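For the record, the sequence lines run as chains C and Y.
When we follow this note's numbering, the leftmost residue of the first sequence carries the number 1347, and every step to the right adds one.
When we follow this note's numbering, the leftmost residue of the second sequence carries the number 2, and every step to the right adds one.
Think of the hints as simulated: they come from the structure by calculation, not from any bench.
Note that the coordinates shown come from a computational prediction; the quantities given were computed from them, not determined experimentally.
Everything hinted at is true.
In silico DSBU-like cross-links for lysine-lysine, where the CA-CA straight-line distance does not exceed 30 Å:
#, chain 1, residue 1, chain 2, residue 2
1, C, 1671, Y, 544
2, Y, 482, C, 1546
3, Y, 667, Y, 621
4, Y, 416, Y, 437
5, Y, 671, Y, 621
6, C, 1671, Y, 505
7, Y, 378, C, 1643
8, Y, 455, Y, 416
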Amino acid sequence: MEKDFLEHGLNFNRRRFLSRLSLGLGSVALGSLLVPDIFNGDSSDSGWVPGIPHFAPKAKRVIYLFQNGAPSQLELFDYKPRLRDLMGQDLPDSVRRGQRLTGMTANQTSFPMVGSFVDFKQYGDSRSWISDLLPHTARVVDDICIIRSMYTEAINHDPALTFFQTGAQQGNRPSMGSWLSYGLGSENKNLPSFTVLLSKGRQGNNQGVYSKLWSSGFLDSVHQGVQFSSGDDPVLYLKDPDGMNKQERRKFLDHLSQLNQISYEEFGDPEISTKIQQYEMAYRMQTAVPDIMDLSKEPDDIIKLYGSDSMIPGTFAANCLLARKLSENGVRFVQLYHQGWDHHGNLPNDIASQAKEVDQASAALITDLKQRGLLDETLVIWGGEFGRTNYSQGKWTAGNYGRDHHPRCFSIWMAGGGIKPGISYGETDEFGYNIVKDPVHVHDFQATILNQLGLNHEKLVFKHLGRRYRLTDVSGKVINDILA
Amino acid sequence: MNTKLKAYAGNLIFSLNILILFLLFYDDQLIIPDWLQSVGRLHPMFLHFPIAILFLAFILEYFRFNEKFRSQEFYAKFTDALLLGGILSAGITVVMGLILSVEDAYEGEQLEWHKWFGVSLVFISAVFYVLRNSKFYNLVYAKAGTVILSLLLIMAGHFGAVLTHGENFVMEPVSTRASVSLEEALVYDHVIQPVFQEKCISCHNDQKLKGSLKLTDTLSILKGGKSGKLFIAGKPDLSLLLERIHLPLGAKKHMPPSGKPQLTEEESRMLYLWVKSQSDFKQKVTDLPLNDSLRILAASSLKPADPDEQYDFAAADEKTVRKLNNFYRRIESVAQGSPALSVSFFNKAAYSAASLEELSAIKKQIVSLRLSRMPVKDAELKLISSFKNLEKLDLNFTDISSKGISALKGLDNLKVLSLSGTAVKFFDLQSMFAGKNLKEITIWNTGISDSEIKQLKQQYPNINFISGYKDDGSSMIQLSKPVLKNNGRVFSDQLAVNLYHPRKSIAIRYTLDGSEPDSIKSPVYNGNLLIKESLVLKTKAFKEGWKSSETAVFTLFRSIKPDQISLMKAPNENYRAAGANSLFDAQLADIDPNNNNWLGFMENDLVLNLNFKQPKNIRKVGLNTLISTGSSVFPAQSIHVYGGTDEKSLSLLGILRPAMPGKEDKPGIKNLEVTLRNKTVSCLKIVAKPLIKIPSWHASKGKPALMLVDEVLIN
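Working from the sequences, and respecting the hints, build out all of it.
Here it is, written out as structure tokens:
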């Protein structure tokens, strides 16, 4: 009898189980009608095709003047008169709060604070404080937005640089320029959408920059940054070899592309079609590039605007001028690196020389873009990978000292591209050690850049090895307060 | 309610729960067809059912075990039906909500909270419904369950309300900010007064008069309150108003008091600037200078809330756009889902009037057109004037003439016009832009004079005329040094010197005797300069209006290249360069020891055998050597040169024992020359011994030194 009851219960449950199961499956089936890609392997974000911005962009292009080696904010943008009063006194523990230091100063017995050797003045309608080392930047201060409250996670050059460029410290992720190329496509099909220009300071400590910084990571290699160098051969291997004329080159490419097409059909590797495209673009670049690289056609007043150095190929000034030309010609992302800001010692002398090399040309770039009506749609960024300590590395005198790496706070500036001009954002404490107002993380900075280019940083994703990757990894907030 | 119906409802709730789970999981991949979107939009209407029904049901359930109701069959059935109906409608509402959330307008933290509260309400109440008839279910569960569920219901409803009505909808003061155009706006009436109205007047009015201060009219504002005058015009730092605003939030006298809506940073900044600018009550916003901070802030506060462009024209045919797109004419969609297009032309050679004409097919959709540096003529401007929705037009460095520009008059939507580097004249612009939306015109490099620009700025205060940089002759910058373009500094017979400077119309002057070139006596390089001897070429660039360049010094060597070169001992493995040939490649290395052109010796001597087909009279043999003590690079200890008619009959022709550098010597490159006895030879042997022991002053004293040679010079 008991068994019968049990059986009855089980029967009932089985029936119920089956009916519920079918109901559940029905619901899932109904829902699946709304997810068109559910049975396709590729489940990249639906509805959005890479190449078109998510929303109307303010900026169409970026020129990033990367100051490699980490310029000292305390001598350039972040005015801390109190540090001069405290000259030589030990950094209070209440300020440092046990934060980590690099191996270069961690064993120092004292941390003597040093004020800037150079004076600051207020400029423009915005009354922003700018150091006397940057007289030209001071002239355009009402066109730029200075962020004094940047902070990063890395404490050494390579990871910090990689973090800024790719959103991760370890490398092998796509660079910011590659993400933009992927997200927005190229504007001018005759030039790469992401180009890189390098220059070195004449004095001081040059930290390396490596091509991994402009790698396209797991994105298609058409988005890779292309380095333009000074000299007769700006893009390596672009020139036809001696004895080959245009027609032969064309024929050669046609046949090569047929062969590549065959192997693409056979293997289906997307890198093969990338290769075909790259060859074709290189062919068109053969006419476009020499025209752009030739700075001798620039009028005299432009050269005077950018300064003497702009006549010498390979300098920061010449690269700024080149950056304007590339950007004007529809290159989405022009990345400059200027090495030599790593002033662990002998800072006053070296930073003065370094600032002189970049100041005039950086300001000139703003003026030049503006007078062509391009500043509205070009985002210009100036800054390094972290800041420098408020205490001296090693021995100090008022006229000679050095500063170690400091990721807790540093200053950068942005201009154009829908960024509010003539403002300063964020504040550091009177010691110039910690941020007290409006901190901006590197991911926030990246999210803001993408936002200005019409891309939602949370939607600009690429699925790789089973995970959707973003430039801003899993964080980042657009800094709305600096948007015009 | 009959049992069958109840079973249906129960099953439906179950299915809805599964559907919700599914939709949540595929949250970011949903694509909602148009017809279903309207179902989603019914969410804000439909949601009122579950709120009302569930609340009622929860109340009934709460009192379920009350003596009075316990035995009433109707009470039990009614509660049951209400709960079932409520959960069912809540499930439907959630599905609708999920569909609605896919639409772009909703985003952010509030949405997430709303979503998860709503979803958990449905799940938990469904579980609750199943369990409420179990044996263990009692008064405690009923009360706790209904209270928790009611809280969930309130939170879900609250966040939903925040989404539709905005934050602080109930509490915030009723806003009376009327929209005024920037042109008409007065600084006080439309910018400053609204701040008082919103944040201050609720306490400082005719009825309340806190601190005897009234902010309702101009007179009372000027009068101030109990503590004195509200502000001193022009002196914000001494003004009570700003002092109170800037006190720390916790301070007793901080205004507005904590707990009341606070001033935003922009608002307090505007008050500061207004007081600073003499606190005028009648000034117009547009009377302020264009880049005045108060004006910029005022303009942004007057801007309508939603600046996003909305276009009322339809999108262009996709196929047409694709067909028109090519390498030199790029047509891009402004944004996903936007009908607007932006067009850019590249490559002068590929441009023609026809290529612009073809765009007529999409003329309605073009909002931005870049023709910078294209040979655009006046005729094309007429065509462009038919692109009625154009907002941004770039005509920099085009061939348009002064006359053609008037064709653009009809472009009512134009906001930004770039005319830099064109032949446009002052009078063309003078009459053109009355009553237009134009915001910015670039006229750099156009020949419009400063005084004319001033006049234009006065005439059109709303347009930002960008005149850019003009070289007024005050900045004398230094020319760069001339560059030697020759491919090598060593020649065998003669050298046609090829000097280059990146600037046009420049004088490159030079000397060959080692003296400094000057702007008067030194000859000007004219493209023909032939040299036949080793010498030092010094050049300098000159141009009027510029500082002359630094002197560029080029050391040029004449050297005989042997017909056969053999290096008898291997060089240091880190400095192999290109072997023996790199000693005669005419390329000189720079001062960096890691330059790949340096051939290095440390363990072995440099032993070089050279053969000439024709016997030569050789007077000098030089080794171009790097001296860089910092990198432990020292010159040879000794250089022996042997010569003869063949390899077997060599005799010593010359010896050099180079002077060793001292501690203070800077790195440099030196040609170590051995003078030979006069003899005609067809075979030479050079033996250079690297320094075996580095001198004692050096950090690596006693160790062998490295010797680096990049070229052997034979004369």
